[in-house]
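Novice: Now for the letters of each chain:
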Amino acid sequence: MSYQQVADGPIDCEWLTESREFVVVSRGRSFTIVVLLLAFAIYYFALLLGAAYWSDVLSIRIVGAVNVGMILAISQYPVAGLIAAIYVWRMRKFDKLIEGSGKDTAAGSKK
Amino acid sequence: MRNFLKSPTLKFGIVMAIFTILPNSVRAASELIEPRFRGLTFATFALVIGLTLIATWYAARRNASARDFYTGGGISGRANGLAIAGDYLSAAAFLGVSGLISLYGYDGILYLIGFFVAFIPVLLLIAEPCRNLGRYTLGDVLAYRNNYRASKIVAALSSIVVAIFYLIPQIVGGATLIKALVGFQYEASVVMVGLLMLVYVLFGGMRATTYVQIIKAILLLFSCALIVILALYPFGFDVNSLFNEVLSSQKVAHHLTAVFQNQNDAVDGTSLARKFFEPGLYLKNPVEQVSLGLALTLGTAALPHILMRFFTVKDARTARSSVLWAMLWIGVCHLMIIVIGFSAAYYVGPSTILAADKGGTLAAPLLAQFLGGGANSFAGNLFLGWVAAVAFATIVAVVAGLTLAAASALAHDIYVGAIRRGEVSEREQVIAAKAAAAIVGVVAIVLSIQAKGQNVAHLSSLAYAVAASANLPALLLTLYWRRCSTVGVCVGVVGGTLAAVLLVLVSPNMQYPLLERAQAERTQATAARKIENLTVKMAASTGAGRDELGAELSKARAAIASAQSTIDALRDRRTSLIGLEVPLFPLRNPALVTVPFGFMLVFLFSVLFPDPRAQSIWTRMVAQRETGANAAAAISH
Numbered sequence: 000m001s002y003q004q005v006a007d008g009p010i011d012c013e014w015l016t017e018s019r020e021f022v023v024v025s026r027g028r029s030f031t032i033v034v035l036l037l038a039f040a041i042y043y044f045a046l047l048l049g050a051a052y053w054s055d056v057l058s059i060r061i062v063g064a065v066n067v068g069m070i071l072a073i074s075q076y077p078v079a080g081l082i083a084a085i086y087v088w089r090m091r092k093f094d095k096l097i098e099g100s101g102k103d104t105a106a107g108s109k110k
Numbered sequence: 000m001r002n003f004l005k006s007p008t009l010k011f012g013i014v015m016a017i018f019t020i021l022p023n024s025v026r027a028a029s030e031l032i033e034p035r036f037r038g039l040t041f042a043t044f045a046l047v048i049g050l051t052l053i054a055t056w057y058a059a060r061r062n063a064s065a066r067d068f069y070t071g072g073g074i075s076g077r078a079n080g081l082a083i084a085g086d087y088l089s090a091a092a093f094l095g096v097s098g099l100i101s102l103y104g105y106d107g108i109l110y111l112i113g114f115f116v117a118f119i120p121v122l123l124l125i126a127e128p129c130r131n132l133g134r135y136t137l138g139d140v141l142a143y144r145n146n147y148r149a150s151k152i153v154a155a156l157s158s159i160v161v162a163i164f165y166l167i168p169q170i171v172g173g174a175t176l177i178k179a180l181v182g183f184q185y186e187a188s189v190v191m192v193g194l195l196m197l198v199y200v201l202f203g204g205m206r207a208t209t210y211v212q213i214i215k216a217i218l219l220l221f222s223c224a225l226i227v228i229l230a231l232y233p234f235g236f237d238v239n240s241l242f243n244e245v246l247s248s249q250k251v252a253h254h255l256t257a258v259f260q261n262q263n264d265a266v267d268g269t270s271l272a273r274k275f276f277e278p279g280l281y282l283k284n285p286v287e288q289v290s291l292g293l294a295l296t297l298g299t300a301a302l303p304h305i306l307m308r309f310f311t312v313k314d315a316r317t318a319r320s321s322v323l324w325a326m327l328w329i330g331v332c333h334l335m336i337i338v339i340g341f342s343a344a345y346y347v348g349p350s351t352i353l354a355a356d357k358g359g360t361l362a363a364p365l366l367a368q369f370l371g372g373g374a375n376s377f378a379g380n381l382f383l384g385w386v387a388a389v390a391f392a393t394i395v396a397v398v399a400g401l402t403l404a405a406a407s408a409l410a411h412d413i414y415v416g417a418i419r420r421g422e423v424s425e426r427e428q429v430i431a432a433k434a435a436a437a438i439v440g441v442v443a444i445v446l447s448i449q450a451k452g453q454n455v456a457h458l459s460s461l462a463y464a465v466a467a468s469a470n471l472p473a474l475l476l477t478l479y480w481r482r483c484s485t486v487g488v489c490v491g492v493v494g495g496t497l498a499a500v501l502l503v504l505v506s507p508n509m510q511y512p513l514l515e516r517a518q519a520e521r522t523q524a525t526a527a528r529k530i531e532n533l534t535v536k537m538a539a540s541t542g543a544g545r546d547e548l549g550a551e552l553s554k555a556r557a558a559i560a561s562a563q564s565t566i567d568a569l570r571d572r573r574t575s576l577i578g579l580e581v582p583l584f585p586l587r588n589p590a591l592v593t594v595p596f597g598f599m600l601v602f603l604f605s606v607l608f609p610d611p612r613a614q615s616i617w618t619r620m621v622a623q624r625e626t627g628a629n630a631a632a633a634i635s636h
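Line order of the protein sequences matches chains A and B. Using numbering that gives the first Met the number 0, you'd call the opening residue of the first sequence number 0 and step up by one each time. Using numbering that gives the first Met the number 0, you'd call the opening residue of the second sequence number 0 and step up by one each time.
Honestly, the hints are just simulated from the structure, not real lab data. Quick reminder that beta carbons are idealized off the backbone N, C-alpha and C, glycines included. Mixed in with the good hints, there may be bad ones.
Below, a list of computed lysine-lysine pairs in the PhoX-like style, where the Cα atoms sit at most 25 angstroms apart [claimed, not checked]: (1) B:250 with B:283; (2) B:250 with B:536; (3) B:313 with A:95; (4) A:92 with B:313.
Some but not every residue of chain B turned toward chain A, in silico, with C-beta under 10 angstroms [unchecked claim]: (5) 106; (6) 115; (7) 245; (8) 275; (9) 279; (10) 289; (11) 316; (12) 319; (13) 626.
Let the hints inform the model, and build the full structure from the sequences given.
Specialist: Given below as structure tokens:
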């Protein structure tokens, strides 16, 4: 059976992790992830802290029963959806870059 | 439980109740359905369960290998997304939160949101790397670059702890639902839930469990949609006019007056109904809210049954699209639950919901009964039975997913991995997996029977806290920090688990006889004063007002009697389970303290005990983490 065991000692895949495409893609991915995580954390904890400490602001009426708090709460759903959509859109771009470089390296490694 | 509603300090306790349906709280449900409609409820239960059993039978014909058992043999992102939604949407969300919203409005929504946004960390940090690095379990991912045996054992132990903590309240909730609506004994109901779950897992493995999750997710979404359509039809499908009607609803205003009277807060009469749309009715302690938010958003990313779902797909891209589909279905379901909550407040009324169950967990079934035509109609009871059956399917599906996750940790990580070092034939692996599932199932059934009459609801929030403070730091730092070492991971997982469990043991979740007695005595004193006032009013009033006063009077007398039974039940006990008179730690959910503690442990012990081998594998791991199968194939050339 093909059990996943990692051999001890350094394995030579620096050719991959040091390739220009990999570095570019890897940094781009990390940047996207950090920015989106921050956006998520700020928006969600703003709701929790807002409900706890700024309930006056959240109670400001907008129309009928709808107030700032309702908007902030319900909008968590579309905002989280938007964050997810941006992530997928960015990752697709990086996938394409990796695919392109994968063909190059596969060809290169046969030399 | 009884006194939580009357005490602002203990009120947060009901938050835990929404994870499940409390054993002693649904007792009133037996009065919801008249005996002549019992057969009808039974038939709807049988129909829903039969549907899932057919799916299991179908799946069982196709299972062969260990890979099939654990992963279902690879499914599409859309199907897996629906299955994640099935795994994740527990009865707590459907019954618990719709009830919370019907009783407390805005704070119920606030609580629900945490369960949804938790998928952002899953999507951004966990789903794809886990798919790229793992095979069946969390242990596989940790063992990629840490010491194989050590990391497999600790990952398995904490996964099993999390799964068992989460399992017990679910089984207890399912059994309580059967007991209330079909009429079986508690013990028989627990065994029935347990056996049903074992049938799915043993005969169908991951494939059947996946089918069951998908069927359940579709049934749940369909039922929610049906309730929402019927509830919004009179408003021309305009949610805003429903909100406006709630705002001017007498039932809601009456309930809010009672809530504020109990809290002794001065309230301006005109703005009372607005409170239903503002924070503060239910969640009182800001620090507690942040702690719970942290546990939910970080714990979800490390729940074993959710992690396991990412190993059922073929590559990282499918894992990514699974999360997206899951978010879509969970989001849609949550928005419908919000409408259901407000509709229940408008149509049924908070006092009726509260009378049926102190935690409000019967709001959705009651709303279904009302929309179907009321308590005496055939359609109303059919609809109620249907909603209850779907809630039951929801519970059993979640339970099956958890059992499978715990069983795979036990069989794949501990037996096959750590004990046999992977030298196990395919056939033996399947046997080990099934034996492990049976063991987990039996342990869960026994523990759930032991838990009869106990408040087990806080166990599921403890599960989130353990996942967030033990599994997540080890997982994240293994994935994203070069210097993370085996010692760091092991100490972090064990320390994080112990810290979370210990803090819960000294938290207000436990029962403190002295405090409960004092609370009950206060309740009695308040009720006695109320009776005095009412008697005076009664003497002065004539005609129409007397009935209402009489009802108030009997309510107050009932409150005194129930407080007395609480006091009697406490007997002469003075201390909690571990011998404390008062809680040492103020938070019900320890995540705010234990999550940083877990990260700190992994960090500190990684720096103190560096692992050269783990660091040497780092480059290779980064390559595989980022590119998955492509890199693995390229390297093996």
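Novice: Under the constraints set out in the numbered hints, which ones does this structure not fulfil?
Specialist: none
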